Amino acid sequence: MSTTGARSIHPAEVAISLVLLCIGSFVIYETQGIAETQGYSQVGPRLFPYIIGTGLTLCGAVLGWHAIAGGWRDVPLDQPGHDAPDWIAPAIISIGIVLHMVLIGWAGFIIASTLMFVLIARGFGSKRAVRDFAVGLALVVAAYFLFTRALGLRLPPGPFGV
Amino acid sequence: MGTFEALMAGFAVALTPINLMWGLVGVTLGTAIGVMPGVGPALTIALLLPATASLDPTGALIMFAGIYYGAMFGGSTTSILLNTPGESATIVTALEGNMMAKRGRAGPALATAAIGSFVAGTIATILLTVMAPLVVQVALKFGPAEYFAVMVLAFTTVSAVLGASAARGLASLFFGLTIGLIGLDSQTGQARFTLGIPELLDGIDVVVVAVGLFAVGETLYVATYLNRLEDKIEKMKGSIWMTKADWRRSWGPWLRGTALGFPFGTVPAGGAEIPTFLSYSIEKKLSKNPEEFGKGAIEGVAGPEAANNASATGTLVPLLTLGLPTTATAAIILAAFQQWGLQPGPLLFETQPLLIWGLIASMYVGNVLLLILNLPLVGIWIKLLEIPRPLLYAGILIFATLGAYGLRNSWFDLALLYGIGVIGFVMRRYDIPVAPVLVGMILGPLAEQQFRRALAISQGDLTIFFTQPISAAVFAVTALVLIGPPIWKRLSGRKVAAA
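Taken in order, these protein sequences are the chains called A and B. Just so we're aligned: the first sequence equals residues 1444 to 1605 in my numbering. Just so we're aligned: the second sequence equals residues 1175 to 1673 in my numbering.
Bear in mind the hints are in silico, worked out from the structure with no lab data behind them. The model shown is predicted, which means the values in this text are computed figures rather than measured ones. Virtual Cβ for every residue (Gly too), placed ideally from N, Cα, C. One should not assume that every hint holds.
[Stated by the list, open to error] Derived list of chain B stretches under chain A, where covered just means 3 residues or more per stretch with a C-beta under 8 Å from a C-beta of chain A:
#1 1223-1234
#2 1313-1324
#3 1397-1410
[What the hints assert, rightly or not] 30 Å max Cα-Cα, derived DSS-like pairs, lysine-lysine:
#4 K1469(B) to K1458(B)
#5 K1557(B) to K1409(B)
#6 K1557(B) to K1315(B)
#7 K1570(A) to K1557(B)
#8 K1418(B) to K1570(A)
#9 K1406(B) to K1570(A)
#10 K1418(B) to K1462(B)
#11 K1418(B) to K1315(B)
#12 K1315(B) to K1469(B)
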């Protein structure tokens, strides 16, 4: 199961380990800024952050060591698709999500969500933009009325003010 | 009030038209999302949390429970016809059931999975009914030290024991615990790790984390790695009904699968993966025709499916009696309880008996509904598999962003959702389990509270955790499950080497 090439270094795994190490150290560092008020319980709000920060730092260190010493342990190999990633697809999808976040406040839920729907379908390789638009609009309008009218959620109506 | 009277009172609650309706909505939705690849019960319940906050908790929780075990039924349909297991617990079903479908026996495979799930679900619900009051009797004696001890046990088993690597599981757990720290400290009201951002004072909502990891992360992963691969749906040919021989070969595996699955669900060792594999190998050993295994043996579908379902119901024992979630979905259901200010545990059996027993009673009803939904109507569910991938994932993201934005109409939650989605993508790609994140972030703050309460009682004496018999015993078990498996692995490895 595990890769056993003793000298192979896995850059992505090293990077993730370093991120964990940094978050853990940051948690420990930030904890010093929390005022210690002991009260009855003898332990204040600092103890758990210290424990958790230390735990995360240790996990990052162990994983980092694994990553430079032959790779993480017991990683399932031969996962379908891992050898041929398609980075265009997640890029288009990310644009869709970010646009939705920017638009929803003033263009409203229906416009922002329909646009996102079309972009995500495009990201997954759909060439039928008209169909995507029609399906997306129908779904979004149905969801809007279901959640605002039947379930009492607040969603921005946008310029049409429905 | 005896258990039987309590259960009857529960049926009176579960059988009111409105709660029956919620149950039906739950199991129908559960079956649908179980069938659809890319959507699971944890994601669905998380999405519905903001929308159900104003509803009556009994009805909403009946619906959530229906989604939970309904998804188990629906998931087997996808495994058998598509050979893509929705979760690790259905890997075996995907293998053996898909082989049956390839040989034109999709119908009996679906039938034995559905009836097996019904048998296992019903027996497991009976066991839950009997066991829950007994566990509650013990749990009533629990103080903060004992609660802290069982929470540590749950942390350990969820992260270090399950899954391929203890290091990655623990990293995931500590990441979840870190998320749980963000916000106001429950005891002193101090802000922790809010980085001066006012939106973070309330902490990060579990909806955002669950939906980000499961919906956004999964969508990005499928788009990047799997979109170019074709899915092959097996056609439903011939009769759905099982022959006499199929029945004869199925009932044993159903019962044995249930007997394996339920205990694994109840102990905080979560995850139905182990009992399904155990059930598969036992059925292979007991079978008169072991050569059929791997080519489509009906026992290999019946046993693991029953084990999977019984384990799912078993998970509700620690959740309802101790407030201890051991799977991602159970953690979300705990968050659902919290949204109405309810804390599952022994006290809830005394303060809200109608809610708890109504919920348990609804599961008997739900299992019958699911059998009807999944046998004669299976043809409808198969249609869901034909939704084109672009539309399916675009639709998932519509509901994901709706759920996150609906919390408090803030773009900040959408930004957080996307950020956590990217983290989920990385975790999925590098085989880091996500369930420990959710268990850590939901259970972490509760564990801290119990720890500080325990020390308040003992006036700062740390030995309280080891001098109380129950808590000492639980810590001993924790040490055992942590140290045991590696030692066992080493010993058995030596045996293999010697042979």
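If any of the earlier hints don't hold here, list their numbers in rising order. Hint check: 2, 6, 8, 11 and 12 fail, others pass.
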